[in-house]
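One line per chain: the protein sequences are E and Z, in this order. Just so you know, we're using the working numbering here: the first sequence kicks off at 40 and counts up by one. Just so you know, we're using the working numbering here: the second sequence kicks off at 13 and counts up by one.
Since the hints were made in silico from the structure, they are not lab data. Just so you know, not all the hints are guaranteed correct.
[What the hints assert, rightly or not] Anything over 10 Å on all C-beta distances counts as not near chain Z; from chain E, calculated:
hint	residue
1	119
2	251
3	289
4	311
5	317
[What the hints assert, rightly or not] Listed next, the in silico DSSO-like pairs over lysine-lysine satisfying Cα-Cα at most 27 Å (straight line):
hint	chain 1	residue 1	chain 2	residue 2
6	Z	172	E	246
7	E	243	Z	195
8	Z	146	E	164
9	Z	108	E	246
10	Z	172	Z	146
11	Z	34	Z	125
12	Z	212	Z	361
13	E	246	Z	149
14	Z	146	E	243
15	Z	108	Z	47
16	Z	108	E	166
17	Z	146	E	246
18	E	243	Z	108
19	Z	195	E	246
20	Z	172	Z	149
21	E	243	Z	149
22	Z	172	E	114
Using N, Cα and C, we set each Cβ at its ideal position, and we do this for glycine too.
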Amino acid sequence: MVLNVSSIVPRIPVSESVTDAVRWITDKFSFLFNPIKEHFGNLMEFISETVLMNIPPFVLILIVAVIAFFITGKKFGLAAFSIVGLWFVYNQGYWDQMMNTITLVIVASLLSIIIGVPVGILMSKSKIAETIITPVLDFMQTMPAFVYLIPAVAFFGIGMVPGVIASLIFATPPTVRFTNLGIRQVSAELVEAADAFGSTGSQKLFKVELPMARPTIMAGINQTVMLSLSMVVIASMIGAPGLGREVLSALQRSQVGPGFVSGVGIVILAIVIDRMTQNLSREKKD
Amino acid sequence: MPIIEVKDLTKVFGRNTKQALKLLDDGRTKEEILKETGATVGVNRASFSVDEGEIFVIMGLSGSGKSTLVRLINRLIEPTQGNIYIEGEDLSKMDKNQLREVRREKLSMVFQKFGLFPHRTVLENAAFGLEIQKVDKEERERRATTALEMVGLGGYLEQKPGQLSGGMQQRVGLARALTNDPKVLLMDEAFSALDPLIRKEMQDELIQLQSKMKKTILFITHDLDEALRLGDRIALMRDGNIVQIGTPEEILVNPANDYVEKFVEDVDKSKVLTAHHIMKRPETIQIERHGPRVALERMREEGISSILVTDRNRNLQGYVTADDASKARNEDVRDLNEIIRTDIPKVDKDTPLQDIFSIIYDSQTPVAVVEDGELLGIIVRGAVIAALAGEGEVTNGA
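This is chain Z alone, in the form it adopts within the complex (with noise of 0.2 Å):
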């Protein structure tokens, strides 16, 4: 079972919500609403679910109502229509007190300007949750403490949030959202206020801390950099709809519309794509049942100049060449071991396409993709540039 779950989600905002919600289901557009009835929407019918321990980014550009998105899910804004699940109950149709437990017990959020109490000191920010809980002093001081120090501000438990730097104010944030032990992180741009150096060391530790403590987390975000950093799967979002979900890669490689593709224009691709998605699916003969014969007649057949050699199980043993495999025939060699080299590059499957490049270009040979060893593919020089040109059909399944 999905631990968030939206149905149909929609906000309108003014006063001919009834009208609205008509002409939405006419297909009309916000702005044609907008004219007629003065209403404007928010979030038009958004359905997603979000899997226990992912990070599930929701990225758009400002207007194109993230912001609001994540506020329906704990109701900050109430929703128009539409209903939220967090673990199976459905927080749409909770009076305040059944909220109010929801908000305290499973959902937590780091604001864009962090949010936090500048008359409080930094620990007793980290308490506030635990404190309108009403769990006594020791123990939410403990477990702040335990928070904070997790987030590396361990040293700064009685400063005042305003003496700290931004991103330390940020970490106080999410020290604050982690003390509560919640089932979900909401985090709303969270790190869009941080210079990037910052930002980029608090993503690295916010994929460390949701590796350790397997939190799920919903993350807005404007910076595409970031979704793709951060996210297992993306929900892009334009003018209140959510226009694509799917990974980085699905997103990045198949975009669903003009938009997403304009939008995925600009990504630097060899950060994002990888080995995996590069590689093509590779000739190769078998050493146990074949000799240099059957080498050079595959090699004809496929048009290429070596061939690469793999064992019964597809282990990656090295590559004949053309020349070898000839010269061998006439001499009437009949075993691969005497002209197999092994001299070729290994990459992981994971690699990212710009660790690829020095590679690639110092190799003689294509570059192989193995994963514990195992033959999944090759990569062409050919492969690299048309990913980086962005042609969309690179994957060739391995």
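This is chain E alone, in the form it adopts within the complex (with noise of 0.2 Å):
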């Protein structure tokens, strides 16, 4: 029986089209993958090797302990964590690979918002743009995170800009989904006030729906910070620089104490990442 039903119908060579697929789509494309490869890394190498790693250590620890005092409105609790967080990775040894990876967490989680905020803007517009998004959202969020690396491979190489290509189509969904949820919840009455007093379309975005749904936006926004932090280590196996990397080849080798520091190395990024954003939704609140 078994046997019957697959000599009528074959398989499918779903793969094999895949496979085709994104063949043809580097080859015919390549006239595009290639600059931003060439480009993007070229930036990111700037922003990483060139920027960051240029200012003295205690110099951007300082900076990052004045930020944080200040956004969380003058309080010494982030900024003194931040200190001694941040001088414990130097000692560690591991400075230069945070700052690759604060390179790739900042440049994902902008295009990720450059990219969601709007796409969330025009879901909540439209019903239509709505139920076509919905979906494409639910695969890029549960879809293993390893399979994006294939094909981000093929099209751009190893490294930064491949990783920060499959960071961004992972981390990218809370942002799109937040900045919808947040406009459309903004009350039907506020939105009336704006078309009662004759607001365009863009007045009533600007003026009213969007500053509403501020909150909701930075918490989305948290979010998508968060999920690119997280894929750093994922990132790493195709040749990202940073802590990840450190993982990786920690656990590759079983070096249970390297593994152990870099780990922690990025839990200590993700807490002052996380409470920056966090304040920074929270900070015109009152």
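Assembly of the complex is requested from the two constituent chains, each provided in isolation within its own frame, with the hints serving as guidance.
This is the structure:
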């Protein structure tokens, strides 16, 4: 019976088609991918190696501490934590790796926000867009992140750029979803008030909807930043430098100590970034 | 020309609007149409017009379509059928840009839950309408400040709405609407979220503002007392239909059908009805022409024990009693001035019934209703009781 069915419907060659499609895209769009890879790679290298690594570590730690102090409403907690935590990473000799990780996270998050917020706005304004985009977001979030790495490598080679692309796919959905949600949650009466006084669509968006949705959007952005940070270990599998690479190599050589230290480095970075972005969304509320 | 004119305005929510409209024309009810087509009738062929400077109240219970109706007028909800004329221009046929201009210049709205922007200060809220018209900052803040001062919030310009009480927030809402200097204020249950004392205060203030600024106000409410207090005219709605349009008195005194009658049954009529409504045409004699004999004769004809005396211009002079008149006749006194009594209580024609109680209770004679000295009618005790008991026909034009 089983044999019968399988002889009637032969296996559909999905994997072959995908392979062919990716190969075809790689081939046909190399004129697009190559410059992206080159310029983007250069830009990221510039940020991490020329800018961040050239700032003396103690100056950078101080800058972060000052920003933390003001962003948390002139409280010392996060500032103190930043100083101790970042100094610890420096002390363990992972400073340069951390700079690479920060670059990856910042670039990936910025791109996610630049893409995610407008897509979220589009979703909130159009039922059709929402119907189409929602399953795409579901797909992006549930597909195991490793799977993105394969075409990313095919398109962009190895290094930071495919790492950014992979974390972009993985980390953008929360910003899109929260932007959509935030705008849809703006009370009907406020939207009516904006309309009743004769707002244009963009006036309504920028003067009423986005400011009202801001805390929700910021919560989405916070999620996006955290997700792209969680991608750094995975991205290191395709050669993205940074703390993730240290974790990976420790794993491969079964070195518990270095694995733990670089893992702690990621955790410290995560806490600092998370608290900062969270406070950013709370800051102007009152 | 009326400032707002609404003709056959209809809103059907749902898909089968065409079929629903046809059924409406066949005179089917809201329930039948819902069952048959799945479409909900929000407003059914509403027609009315509002004159400049008038407070026109649309009143009905929740689900009666009153909030839909007010949103049809500035097209926050698109009409299914019918026309809306604002100063003669048909709003229902305008494109987006024209509509936006009308909303900016002629119609302002005040919302039930205030609809203030919590991230903006009171001043920025009040200036919102001008801001989106790209009026420069100095000018719009000046005008917004004027409007805020008018509603008594001059000292709160830099506060956020969340820091103010409900009543003050709605003053901001009102100021925001006034800053645009619109022709028409659309007020959707504007005072319903306020507690009763504040609500009354706001009603009084609205009436005052209205008499100063002469705005046309379309006021939506579910509260009959509020409707009676504010409205020059009231439209009563039920199930999407306008059941009756009239002045508060017309609606109270001559309810168009059982529904309206039920509705107005619980109203404290003593606050709404005035002397004008319950007075009777008075029996009078003229002081220049008539003497005690005529007075006595007239009293006998009408079966009354006293009669009012006026001069040639119907200015009230006083009254004479039957006893005095017959004594005068016996003593052959000819002049009414000898026996006239002047201790008759007088009330203005707009005196509410509740103020007449104590006057008529203390008085031996009927109460005279006057306007600038001229006698309009009298009120007898029976009329007061009849009016309170809600017997329809109490008016007897003067």
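Item checked: Unsatisfied constraints (hint numbers, rising) -> 2, 11, 15
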